[in-house]
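Protein chains: 4
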Amino acid sequence: MDHSLRHRISAQVDPEMRGAPGLSRFNKVVVLAILVLVVIGVMETEVHVLRRFGEAMAAMKLVLFTFFAAEYALRLWVAPLNPRNRGMLSYALKPAALLDLAVLITLLMPFLGFEGAVFRLLQLTRLVRLARIGRYSRAMNLVVEAIRSRDTELAISAGLAFSLMLGASTLLYVVEGGIQPEAFGSIPRAMWWAVATLTTVGYGDVVPVTALGRVLAAVTALCGIGIIALPTGVLAGAFSEAIRRAREERSRGHPD
Amino acid sequence: MDHSLRHRISAQVDPEMRGAPGLSRFNKVVVLAILVLVVIGVMETEVHVLRRFGEAMAAMKLVLFTFFAAEYALRLWVAPLNPRNRGMLSYALKPAALLDLAVLITLLMPFLGFEGAVFRLLQLTRLVRLARIGRYSRAMNLVVEAIRSRDTELAISAGLAFSLMLGASTLLYVVEGGIQPEAFGSIPRAMWWAVATLTTVGYGDVVPVTALGRVLAAVTALCGIGIIALPTGVLAGAFSEAIRRAREERSRGHPD
Amino acid sequence: MDHSLRHRISAQVDPEMRGAPGLSRFNKVVVLAILVLVVIGVMETEVHVLRRFGEAMAAMKLVLFTFFAAEYALRLWVAPLNPRNRGMLSYALKPAALLDLAVLITLLMPFLGFEGAVFRLLQLTRLVRLARIGRYSRAMNLVVEAIRSRDTELAISAGLAFSLMLGASTLLYVVEGGIQPEAFGSIPRAMWWAVATLTTVGYGDVVPVTALGRVLAAVTALCGIGIIALPTGVLAGAFSEAIRRAREERSRGHPD
Amino acid sequence: MDHSLRHRISAQVDPEMRGAPGLSRFNKVVVLAILVLVVIGVMETEVHVLRRFGEAMAAMKLVLFTFFAAEYALRLWVAPLNPRNRGMLSYALKPAALLDLAVLITLLMPFLGFEGAVFRLLQLTRLVRLARIGRYSRAMNLVVEAIRSRDTELAISAGLAFSLMLGASTLLYVVEGGIQPEAFGSIPRAMWWAVATLTTVGYGDVVPVTALGRVLAAVTALCGIGIIALPTGVLAGAFSEAIRRAREERSRGHPD
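Residue numbers (this note's numbering), protein chains in the order written: chain L, 13 to 268; chain W, 13 to 268; chain H, 13 to 268; chain R, 13 to 268.
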């Protein structure tokens, strides 16, 4: 019988086995559970939160562990129904499934300390895998296509940014290296300032103090506008193009 | 008689009952009065201003209270003329009218302190309601349409930004958590730095001090350019498209 | 005789009387002289520079005064040849000519102190007047047209930015006003922080210290990306449109 | 014989003599060697690194010197095969070849100190020369064409930015010059603040403290958004146009 329990579960658990577009109700719960787990993983690193909500979070983690363990078992059980998997074991040995298993194991080990929390963030990759459906998939394709279609121009922008960074930090090292050895005493040190300036972050923990240094820093900061404008302009052009092409294809009757 | 006083007042008071495009003279005064009230609400929180102009501002508030009370009464009176409202009481119970009434009441209570001032800022929503006419309406539609047409791409950008933020703060927490416990002692703490860096705000109150931390921060700052370039590029493409479509529709003879 | 000295000087001095496109040789010298004067005006406010190069700068100013006085006299002399001016006196009373005269007078009064230097910066407007020719004129039209064609959208962006600024500073005033009265003790004070954050400048002289304040600040900083992305996207779309329209008109054979 | 060793080496060494697109295997090694040399040049300015890896870096430099000397000799040897060079000596006297020779010489002089390291960064220009092939060349043309096609608009943006900078620093000098003489005591000093604000870098080492100064600074910071949005919008429009034109030319059958 085609609509047996196993098939129905498969349609709920495996996004590829679902006929309708979008996420199944079960996978929406999975997404929510992952987000809760990530929030817990982030929050339990903070002592103040841990002291107050530590027990509640531990209980929540136990619930989530049970849920993810059951979900993992279900996925194993229905894996053979998906023609892309060659049986249960083959599915279990896929990198994605192994990662899920590893995350599951770290949940059981509270003595892992923050390494566990850090590791658990890897489960966010699961969200990406789940997002590869429906309109998110199309939008992601548009974004990826736009970036990829201009990857050489973006690489040139990056090369230009890198050269400017190198040039600016070399000049500041020569000009201010003797006066502020802690901040500009070597090119790698001066790079910390150069990155902060060219990206317009501007922490201000390290700033030139001589007149010449400030003139050079001002020129660098003005170049920083180009460093932002160039990739933005390239991406904007690529998105205009990608959107128009997608619209043209749709109007020609291509289903997408 | 069609052009009775009540009908003429309705055309002045209710933007929907006005035949001509744009705001009526009366509603331009209302817009001005709201702006004055907001400025007073902002300024009276500052002790130095209050000491000097406190009495003038209190007098001004009394004048504005009288004006808004009269305006509210007029709107109630002419409400039945607008077919969208089913009588005076039905209009009075609309959320927008209730909000206006509540703002009116807070004006009378000087002992409310800053809560009153804060609450009064809600009257800015009135400006949005009044702006929903004429060319502002068309321009707002263009902006809203451009954003909405690419909401999935913008959500992906936001998801990417959030993941980068999470990744960067986790790494800095691991690298600098032990050295600067106040700033990087937990992932939520490190997030304060990560947001400031990825948005290129760069307060500089919290900066990494180790070599590895600075390398990671530099990479994060460079990623921040993408965080700005991606949504800007998406929006720019969407605006190009929306502007072209609007022009095509106009040239096809569609009145808009 | 058509090519009398006065006519030849008129073609050199008055950009509108010049047959060929671009600036005449004489006006290129004027541009250079204005730039030198501005640099001197900027530099003489700095004591260290004044002490060292004060005499050289005073001599230079005398030379420039003589030059601008002669240039002003020449312009008066050839003014009647331009049909747009109705005689010498009518030209002399134009606001632009009066401004040039005023700048000339301030050059003679060294006792004016910095007010003189500041006033002299007004001569930069002369550069704009001279730039209104040839390819700069076309490019300026493109820039102005692109901005003007989307002025309502830009006004909406500005309104949104202003509302966000008001909302953020009100919230921070409520949350941190009691803890940091100097920085967040009133809404106008909190606005200083809000502007620095929303524009992504991020001086860092004023930052929230409570957890709730930092969460609100993080949200504000993330909104700041939109504040930059929205007008940039609108302008990018407008420039795409303006460039395409200019190209289409050129290909249709319209001379521009 | 056409495929003699010298011809084969020429095809490997001289990008112009290579039939296939892209870099030859030999030149990929050259690119890598240049990058290694740049990294060493950067790193050896840092005392901590020098103390630890100084000997390894010196050995690496010797290896690289040998490699670049051999490469230089090979290029001289095969130069006559390229019809663009008129013999070996003519090639050796080209500025590019002279620069390569000079970099080679600095490698031999460890006593040059940081001047040597700085000078060696000039070898990065070699990368640009090597990059002028294949898809990088096409992408660079697109970037250069987009920037050049709108150079007047970008010059206007720069002029506007410069005027704003001058105006803002003059105003702040007038308003805060007396209170913070170190930071705003002259227009050139105030410019340091103005650049940091208009580019949204915002170091925060220098900030206005008076109410009027802060209002002016807030207006300046808001203008800074336009300073970024204007060139970005111009570039985005230019890239849209350049991409479309390139696509149209390709679809018309023009080989590029």
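Don't read these hints as lab results, they were simulated from the structure.
These numbers come from a predicted model, not from an experiment.
Heads up, the beta-carbon is just placed ideally off N, CA and C, and yes, glycines get one too.
Any given hint could turn out to be false.
As the list claims (entries may be wrong) - Quick partial rundown of chain L residues pointing at chain R, CB under 7 Å, derived from the structure:
| no. | residue |
| --- | --- |
| 1 | Pro107 |
| 2 | Ala108 |
| 3 | Pro200 |
| 4 | Thr222 |
| 5 | Leu228 |
| 6 | Gly245 |
| 7 | Glu253 |
| 8 | Ser263 |
Original post:
Which of the listed hints are broken here?
Top reply: Numbers 1, 2, 4, 5, 8, in rising order.
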